[in-house]
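Sequential numbering from 1 applies to the sequence shown in the working numbering.
Heads up, some of the hints might be wrong.
EDC-like mimics (lysine to aspartate or glutamate), calculated; alpha carbons at most 20 Å apart, straight line [to be verified]:
#, residue 1, residue 2
1, Lys181, Asp134
2, Lys48, Asp33
3, Lys218, Glu206
Pairwise CB distance ranges, derived in the manner of DEER restraints [unchecked claim]:
#, residue 1, residue 2, range
4, Arg127, Trp211, 55 to 61 Å
5, Ala31, Asn152, 24 to 30 Å
6, Leu228, Arg189, 32 to 38 Å
7, Gly113, Asn302, 29 to 35 Å
8, Glu287, Thr116, 40 to 46 Å
9, Met1, Phe179, 44 to 50 Å
10, His231, Ser187, 38 to 44 Å
11, Gln65, Tyr279, 43 to 49 Å
12, Ala150, Met1, 39 to 45 Å
13, Pro94, Arg238, 33 to 39 Å
14, Tyr20, His290, 49 to 55 Å
Read the hints as simulated data drawn from the structure, not as lab findings. Heads up, the beta-carbon is just placed ideally off N, CA and C, and yes, glycines get one too.
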Amino acid sequence: MEDYIKSAFHKEKAYGTLKYASWQPTVVRYADDFVILHRDLDELKRAKELAIQWLSRMGLSLNPQKTRIGHTLNKIEGQEPGFDFLGFNIRQYPLGKRNRRWVVVGNYQRLAGHKTIITPTKDAIARHKQKLSDIIDKLKTAPQEKLIGALNPVIRGWANYYATVNSNETFRAIDNWLFIKLLRWASRRHPMKSKHWITAKYWAIESKGIWEFTDGTKSLLQHRHTKLRMHVNVKDSRSPYDGDWKYWSARRGKYPGIKSRLAATLKQQNGRCCHCKLYFRPEDIIEIHHLDGNRKNNTRSNLQALHGHCHDFIHKNKVRV
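Could you put together the complete structure from these sequences and hints?
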């Protein structure tokens with residue numbers, strides 16, 4: 001479908017103040033959901049008709065309730081800017097004169113007047129809160145340890161899913177909401193006790209002043225403790241089945257037929273040699289270097305992936321990496 005839609009458009013075309021602008025739409029698909037992006041509204045409508053034609057050949061059609069045309073920066077027909085896709089809200093926000101920055105478009109630079117921000121959708125946040133609330137209500141009389149054990153997997157999974165986008169404010173807001181919810185849960189168990197006594201029993205204050213819901217042995221995970229890591233797109237048309245084990249080991253930390261310690265070390269080093277700092281290429285020889293010289297010590301902190309010639313240079317000159 002992506003090739004069919006793109007084939008109907010020119011690769012480049014003059015548009016507004018841009019001498020040459022990319023004119024082919026961008027199609028992003030996951031399962032039965034997809035998004036088509038284009039800079040021109042009329043061309044976007046044409047891309048929609050092409051998608052309808054292609055789907056009709058397979059006996060499929062677009063869902064009118066889920067299909068809409070919108071703008072990521074401005075309102076169209078009263079609709080709010082941005083769109084929701086796979087639980088993410090993608091929207092652009094205008095930048096002030098002091099916040100604008102130069103971006104590279106093709107072979108030239110231009111001043112960007114907006115910034116793209118991706119956040120969890122309101123529906124996704126509401127569903128997550130409802131799930132946490134249902135667990136707390138279900139375990140009203142359960143021990144604190146059991147409640148923590150039931151909440152932690154839900155918090156960990158949801159936070160990891162949204163750790164690749166701008167979720168800091170969302171994580172803090174949910175943690176604040178969850179604190180109030182748990183305080184009510186604890187107050188219900190001790191109606192004759194003061195709030196000070198209840199918080200001292202069920203919470204502990206961390207070194208950074210953050211309240212931790214704990215029973216002394218097990219602690220409740222907090223969304224804000226999840227480290228954000230921006231998603232890195234897959235290069236070009238690479239596939240896990242193309243045989244480039246160095247690239248996929250560095251990206252995923254594993255690859256069929258490759259030793260787990262080598263793949264994990266490549267991921268830890270982001271696909272770079274620790275000595276020369278250059279990226280590993282498919283034809284390069286990669287060897288494992290033991291920092292303490294003990295080949296039996298295969299702990300993660302003691303291993304480094306190096307080019308074969310870099311490894312020889314280190315041992316020959318006794319260089320410390």
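(message) Tell me the numbers of any earlier hints that the structure contravenes, in ascending order.
(response) 4, 7
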